[in-house]
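Peer 1: Here are the chains, one letter per residue:
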Amino acid sequence: MKQILTVANKEFHDGLRNRWLVSITLIFALLSIGLTYFGAAASGAVGVTSLSTTVASLASLAVFLIPLIALLLSYDSFVGEQESGTLLLLLTYPLSKSQLLIGKFIGQGGIISLATLLGFGASALLLYFQLGDTGILSAFGLFILSAILLGLSFTAISYLISLSVSEKSKAAGFALITWFLFALAFDLALLALLVGVEEGVTQQGLTQLMMLNPTDIFRLVNLAGLDSSDVNGALAVAINASLSQTQLISALVAWVVLPLTLAIFIFKKKKL
Amino acid sequence: MNTPLVSLNEAGKTYGQLDALSAMTMSLNEGEVLGLFGHNGAGKTTMMKLILGVISPSHGEVEVMGMAPDSKEAWHCRSKVGYLPENVSFYEQLTGLEVLTYFAKLKGFNKKQAIDLLEQVGITHAMRRQVKTYSKGMRQRLGLAQAFIGEPKLLLLDEPTVGLDPIATRDFYQTVDQLKSNGSSVILCSHVLPGVEQHIDRAMILSSGKLLAMGTLSELRQQAALPVVIKPSGLNGAVAQDSKLNSFITSRCQNTLMVPEQEKLSVLKQLLSLNGLDDIHVESANLEQVYQHFLLQHEQAQQVNEEQG
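Protein chains in written order, with the numbering used here: chain Y, 1 to 272; chain E, 1 to 309.
Possibly wrong hints are sitting among the right ones.
Covered stretches of chain E (in silico footprint by chain Y; criterion: 3 or more residues with CB under 8 Å from a CB of chain Y, positions within the stretch not fixed) [said to hold, decoys possible]:
id	stretch
1	46-58
2	74-85
3	105-112
Everything labelled a hint here was simulated from the structure, so no lab data went into it. It should be emphasised that the depicted structure is a prediction, and the values quoted were computed from it without experimental measurement. Beta carbons: idealized from backbone N, C-alpha and C, even for Gly.
The following block holds chain Y by itself, in its conformation from the complex (with noise of 0.2 Å):
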């Protein structure tokens, strides 16, 4: 354990140390804020909106940069180690394989989490005290833990590119391909299969086809709650076959467990 928190306690610190904390922290709590304030400003009213409508805006980013984010910052923490030599040396050290990733996912995983906390907390807590009303609480305490979650995945599915690839240049180039796949050709791809094909898939099974990417398991944690008129497109329908919020949750949890697991069990096949 102390071997866990002391690998934990130097990611975290190279986070702060890099500005990634900071960074993340202001763009989280610039965009909320800014749409919390102006996403009226289309219909010409400037003023805190509706809490769905901010909500629903704020998710709707929040699923491309989160993602992004945790790759950015996650994918060449094995490679670059590696290219670097230190990861051969930490493995002659004490220190297991699984503790070392369990380490940096900790250290990561914190700067990440607490970015999201701080960004989107503020926001949460501007619009508490113009409007009083502690559904808003709540309703962002959901929007935070699925977007921490959210995050975490990606650091996760970073570890796994990170641990796939020999090369830096190489894992960068895997990260932006993983962010498209996931933040955008999936959907793109639904939305075809809906369209394109008749009667080819129940309600059902997209909603099933949508357990397969984070990103759309976060969407419909922070849209199904809200007047269905703020979504349209291939979520509207997935909605309507809602899943409870606990079991979309849950999904989003198994999300960050699974590939955090099979990048421990790729780190223990790994060649040195």
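Based on these hints, arrange chain E on the given structure of chain Y.
Peer 2: This is chain E only, laid out in the frame that chain Y set:
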């Protein structure tokens, strides 16, 4: 004699078709310094990795401190092993002290020990600077400090003196001697190092995964049967007139005698009895010559094999 600290029993490693290290048997006792010599790709690093337990042998057995280094039981022994990899660049954005503190903590030590070690390798003045500002020699010293964490019982050093200036090299060998007198064993891995001879007890010469020779330096010299070079001066051709000494004269140089090790003393006595001798220079084959001899022998044997095959 107690059990050796490290022992390899027919241990080897293959990567697919490539025989990185063929079956090798050796042992290292406590307080012994072993020099491991060979070109790039000779299997030095593979052997070190086997001893470190980072990779498992494809065949044979490796034992370090009485257990297999890649097993779970050997876990607690790892803090007693120090390793300096050949190519390592430490976390550039951290300061030297931060890097060493991180590694010290992983071995169960603290910042204070890290500072002491930095002092020992002489980079205390730069310990609060980022590693990216360090010169090659300073990085090497940081790596050495890292290997010395916790006064290891076993030290594996891959090219330890690369980039070190002569004074730092001398300091390094002093540290090695000191560790040795405290009972630590050291494996020094390198292309041939000048000045390494008096610090190692035994040498191992590897080439393309095979052991060419192993033993103390004098044993190796005997095996190689390299002649001793004797240069007398002031004799004015007396050597050429003597029928016995005559046979040792090299064709290139009239004043140099190449004498087999076993004839050395008798030739020296004879030379000393000659009148007019005002100086004499005796030089045994050094490690580099021994090394080159074994490599050359190996290459020739290979060529013969290929021609026959």
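Peer 1: For every hint, state whether the structure bears it out.
Peer 2: So, going through the hints one by one against the coordinates:
1. Under a criterion of three residues with beta carbons nearer than 8 Å to beta carbons of chain Y, the stated coverage of the stretch 46-58 of chain E is upheld, 5 such residues being counted.
2. Under the rule that three or more residues need a Cβ within less than 8 Å of chain Y, the assignment of the stretch 74-85 of chain E holds, with 7 such residues.
3. With 4 residues having a beta carbon nearer than 8 Å to a beta carbon of chain Y, the stretch 105-112 of chain E meets the requirement of three or more and the stated coverage holds.
Comparing the model with each earlier hint shows no violations; every hint is respected.
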